[in-house]
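Chemist: For reference, the chains in residue letters:
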Amino acid sequence: MKALRMIASLTIAGLLLAACATPTPVVQVVTQEVVVTQQVVVTQQVEVEKVVEVTPTPIGGELVLYACLFDPDKLEVLFQTFKAQYGINVTCLDMSSGEALERIRAEKDNPQGDVLFGTTNLSHVNLAADGLTEPYQGVGWNLMPEGAIKDPEGYWTGFYYGVIGFACSPERLAEIGAECPDSWQDLLDPVFVGEVVIASPAASGTSYTTLTGLAQLYGEDGAFEFWQQMDANVAQYTESGSAPGRLAAAGEFAVGIAFAHDIQVQQDSGLPVELRFPTEGTPFEIGGISIIKGAKNLTAAQAWVDYVFSTAFQRYHNDVAHRIPVVPGVALSEGNYGLGDVKLVEGYDPTEWAAKRDELVQRWQEEIGSKRGG
Amino acid sequence: MTGDLLALPRRWSAIRRQRVALVVLIAFELGLLALAGTQLVQVRVVEDRRELVGNVETIYFRNEIVGDPPLLILIVLGTLLPLASRQLRREPVLLVATQAAIVGLITFVFWPLAQVFVEGFRAGQGAEGFSLIQFEKLLETPMVARAARGTLVIGVTSAVLSTVIGTLVAYTLTLTDVPWKRWLRVLTTLPLVSPPFAVSFAVILLFGRRGLITYDLLGITQYNIYGPHGIVFVQLISDIPLAALILAAVFASISRDLEEAAEDLGGHPFYVLRTVTFPLVTPAILTAVLLTFINAIADFGNPMLIGGGYQVLATQAFIQMIELFDLQSGAALAMLLLVPALAAFILQHWIANRRSYITVTGGARTGHIRKLPGWIKWPLFGLCVFLAAFNILLYGSIFVGAAVKAWGFDYTPTLRNTYGLLNSLPMLRNSLIVSVGSGLLGGLIGILLAWLVTRQRFPGRGTLDFSATLMYAIPGTVIGIGYIIAFNAAPYFWTGTFAIIIVAYAFRRLPVGLRTAVAAQKQIDPSLEEASLDLGASRLRTFTQITFPLLSRAFFAGVIYIFIRSMTDLSAAVFLNAGRTQLFTVRMFRVMITSTPSEAAAFAALLIVIILIALSVLSKVTGKSFVDLFRV
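Quick note, the sequences are listed as chains Y and P, same order.
Numbering (this note's numbering) for the first sequence: 1 to 374.
Numbering (this note's numbering) for the second sequence: 1 to 632.
These aren't lab readings, by the way, just hints derived from the structure by calculation.
Glycine included, every Cβ here is placed at the ideal spot set by N, Cα and C.
Do not rely on the hints blindly, as some may be mistaken.
To spell it out: a stretch of chain P is covered by chain Y in this simulated footprint if at least three of its residues, at any positions, have a beta carbon under 8 Å from a beta carbon of chain Y; those stretches are [claimed, not checked]:
1. 249 to 261
2. 313 to 321
3. 397 to 404
4. 523 to 535
5. 595 to 603
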């Protein structure tokens, strides 16, 4: 009897627990008044010299960076310096830019990352448009001139440039009896039949940069006409933007079209690969940085955004990652190119082309991608 | 008569105790379900709109349901269904085990796959209702039509060729008297220790434009390995061992008596082969075709490395999900992959079940050597030697490549390539955590299910068995996409946790763990368990103290097998790992795509060494030889 009573009480407890824990699945509109006093935003004016020294103030805490596109191990030096100055522990998560965007979207109620660090400004433009980033007019924003390099309201700021280049394999060129191409038109030479490697614009942002650069240069129709002619020489369209550089460096194909910084990484590892830029003009990307809306470590995030514009950061980033600095007066490392060393496509603004992506990729697939055998 | 009368009250009290126990159990389960309910379905207050009047801002909130009410309903049904069986009601332990198995299969097999379909029929992110727009979009994209054709071409060609060659290899190494059989068996099995994309990579090291064979040895500069021929070639190298293993097991068990009887009745050896031997191995051949077909269509690492732009559905799904993160097109593509895989699975089941292939085993002479004329035997032997030599070359090139400065240009020995590896140790740790975790979980579920399906009788047993085996017909790409869709939404952000990867691998390799455990369970005499029950031990106690210890070998075999498969997986890993949980194979694949051959070779070499260590442990545990380990 005693046992029965105990069991009964246990059962009731269980049922009560069940009743409490079950949510009421009713959609209802609850209005709740929350009074928020308006904040006055004080814009800090920072005097800018040729060398940018960001005065560090110890803040402490954590900082989570999304999308370490570049080898996070090599950035470790920067994180350590930053930690020494600000007392902030930096975690940089390695993921593709598409994944970073999707994660930021998915986590918008409960952001896990603080800063979207790197990736082309197209991602930053899209995030700002969706209201997923927070404006910050810090050291870098104030330093950059008006124009393509920054968002007018400070939602994102560009902190490096990347330019498209040709990677040439000297050995392969010797075998087919050709010279490393110097211009877009050189790529049409029949000597390069089956020797040019470029990523598919449908799969890679790098190649979309190339496509839009050509469109700026030759007009949209002209660009497709050019690409159709070049298609005869293309050995393969890779899925990855950096693979063409790797394939040329490995001596598999004569010419690979990729970002110069990806080609230089191959040079660093001792592979014989030559880097050239097209004389008609080369397309470029602007690598941006923005703060994720609702970032848990806002002060640390702002400190990091300021830090990436310091001369020390910009020089190291150029030294190991070969990204072109945006801060004027930063000395380039040996063997690196600056914006002065290449001819950029005139009037090209990567931000403007962002909106046409779907349309141009669709056209590319119809006119070029789908025409290939296999 | 008196004994019965005396026993009656005792039985009554026993029945009452049973009933009370059942009620307590059900109450407890309801509590658990309610707790699960709060996790699966949540009401969240979200911001509706803001209004600014003067300097006072009013924020309006509304309630919103997040989560998956249908999953909760299914889980509740899965828990209640076994209660309908009177036998299960009498056995609380069996009841809980069955409920756990059903709920597990619903949540981690059925639900992710169903989500692939739901998402594939959705118009766009978060859109309601049924729509065919994704398929219209896909059909309008010429790339997809090409990719679908490409997938079928690659899948059918590699499945047929690897099964044919695998059958020949298995026949030669099991039933003929060629020399060096022991070594040939090990060497022809070698590619199973590495993921196919590592084979791709090694093939480029050998046959690329700077390849050791094409360039350094033969001086050929015009050969191009990139293309569909490259994909099929690599798929063959990876899948011939798989087909050979499946067939070898069957060849070894065929009774010689049947063939001899046929020969005694005057049958010509070829006639016997065609009418007796071949029909007996038909189910195994079908299994081999099915598995190699699924492997070939699921793989995107291999086409991306060596395909030279040749389009297959798996690479398209990779681009949509990883590069562009378009969940709906990814799901639609996954469905296109799932359909042929399921069709192949059902076809294989149908053909295999049409006839009975049981041969009398008790005392029959098996594995008898067949005398073959020299003109058949030696070419077969040549084929095996060629495969073995090729595999040595392949894996040799990975290890040499890892130790030189720049493959193809500078063969000076160096340790430089290991630096990149040292930096990737966290990913290696992640892979080890995931693989050990999924091994243990998968092994445990395998044992539990095996015990349920071999020792217990209850309604729905067949369905349980079928759903557990279904997973092996699902391409890894589809599993990855399904899990993302099912578990990435609010309220559970499972992507980026180890748990999701561990669960995915455990259920994905469940058929293997199950098969191993069933085989072992059948070896154990039921009288051992019955004796324990008769002596008054509960079923739970019998399982933990009698059955499980007897099955421990099978358990560890399952664990290590799942460990190896998880360590080398790429097709599901690439979708499931994120940020802090990045896995070693995914890192390795990235390095192969972007970095130098020598650095990538170092990654492959380390992975192979780890797998070989795991294999030798497995070999110690099970007392089986290296080759037999893969025979599952």
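Chemist: What hints, given by number in increasing order, does this structure fail?
Modeler: Numbers 1, 3 and 4 - these are the hints that the structure violates, sorted from lowest upward.
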